[in-house]
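**Student:** Sequence:
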Amino acid sequence: MNQYEPARSSDRPLPPASGLPHSRSRELPPYRGLVAVDAKDFTGHPAIEHGVISRAVPDLLERSFARADLAHVWNDRRFPASTGDGFVFGFDPAWMPYVIHPWLHTLQDVLTEFNVHSAGTVRMRLRVSLHIGPLPDTGDEFDGNGTPRNDTHRLLDSRPVKAMLAASRESVTHVAAILSDRCYQDAVASGYTGRHPDHFVEVPATVEGKNFDQRAWLYVPMPSGNLYDRRILGDHVVDDHESARHDPQPRQDAGRTHPVATQQADRGNINSGTVHGGQSVTNTGRDSCGGDRIAGDRFGGDRIGGNRVDGDYTAGDRLDIAGDYVGGNKAGTVNGSQGDTVRGNKREKRR
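So that you can map any letter, position 197 of the sequence shown is 202 in the numbering used here, and since no number is skipped, the others follow by simple counting.
All clues stand as given, with none of them false.
Straight-line Cα separation of at most 25 Å, DSS-like style, residue types lysine-lysine; simulated pairs: (1) K215 x K45; (2) K167 x K45; (3) K167 x K215.
If you anchor each label on the Cβ, the simulated ranges turn out as follows: (4) V127 x S28: 46 to 54 Å; (5) A194 x G56: 35 to 43 Å; (6) K215 x H122: 30 to 38 Å; (7) V177 x S28: 52 to 60 Å; (8) G230 x G49: 17 to 25 Å; (9) S123 x R164: 27 to 35 Å; (10) T143 x G199: 31 to 39 Å; (11) D145 x S176: 38 to 46 Å; (12) G230 x H122: 19 to 27 Å; (13) R72 x E175: 21 to 29 Å.
What the hints contain is simulated information worked out from the structure, not anything from laboratory work.
Keep in mind the model is a prediction, meaning the values are calculated, not measured.
The C-beta atom is built at its ideal place from N, Cα and C for all residues, glycine as well.
Throw the hints in and build the complete structure from the sequences for me.
**Tutor:** Take a look at the structure:
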């Protein structure tokens with residue numbers, strides 16, 4: 006090969022196969038805020054519309070940042086990239102509180118105007134994900150690649166934020182945003198964002214077919230429809246709510262004991278609820294019915310039409326009550342007919 010001839014690509018050494026993690030200490034890349042957007046139902050539009058949507062997304066983002074007095078965030082964006090049906094870029098994370106609010110709300114307003122004037126040809130509804138993390142930013146064409154970037158796209162494709170737009174009214178809600186837990190903790194929970202934490206809903210961010218499951222926070226500037234959706238909040242949250250709503254028993258406070266009421270019926274039966282089948286009767290060694298003593302005779306838990314047997318005294322004999330006589334200990338299940346109507350002379354002695 007001539008010494009003046011440029012080296013062919015096949016003659017160049019192979020690129021490094023690994024960054025050699027854990028081999029030596031190195032400086033962290035700078036922390037960057039990340040915003041990624043994705044158009045809902047992009048593939049559902051005719052192919053001729055795809056180019057229109059791809060060009061419209063960054064234009065709408067630029068307009069919304071300018072209207073929110075955050076034009077510098079857009080102008081200074083780092084490692085910007087079109088994703089076909091969306092857009093992603095990095096920015097100085099110091100501006101993250103302002104990106105959460107007022108920018109997301111302003112983006113909702115800009116999309117509302119766009120959809121009103123689009124005459125129904127292309128309705129633009131965007132999912133937005135926000136994240137913070139260390140990413141290479143040296144001016145190289147491969148800047149911005151790393152775990153935070155991957156997680157930002159996973160959040161954008163996660164089940165809750167997709168379900169939010171699906172469950173909301175397309176004429177009202179044009180933006181649904183999902184924040185990583187790091188973004189939420191740094192910008193919202195710490196109080197730097199001009200939105201109360203109650204505006205945000207904790208959700209389990211999962212992606213079908215991907216090994217991704219993270220805590221995240223949903224924020225919708227203009228909500229509509231049913232936010233309480235199993236697809237949005239996740240099975241665990243919904244199941245816990247449903248269980249609490251249908252549980253008739255109040256929860257007991259930890260460490261507290263509650264007195265148990267004890268009821269007693271001498272030679273009788275107390276039902277504290279709906280009773281099916283046999284009755285359980287506890288005998289106390291005394292015979293009584295309606296306050297009158299019936300010496301030596303038992304009623305075995307029989308209910309006599311709700312009436313009292315007043316003033317009748319039967320010494321040493323049993324009563325015939327048009328049903329079964331139950332003798333012995335009735336502390337278990339009583340079988341037989343204990344609920345028969347009493348007919349005839351109830352004071353007739355057994356012959």
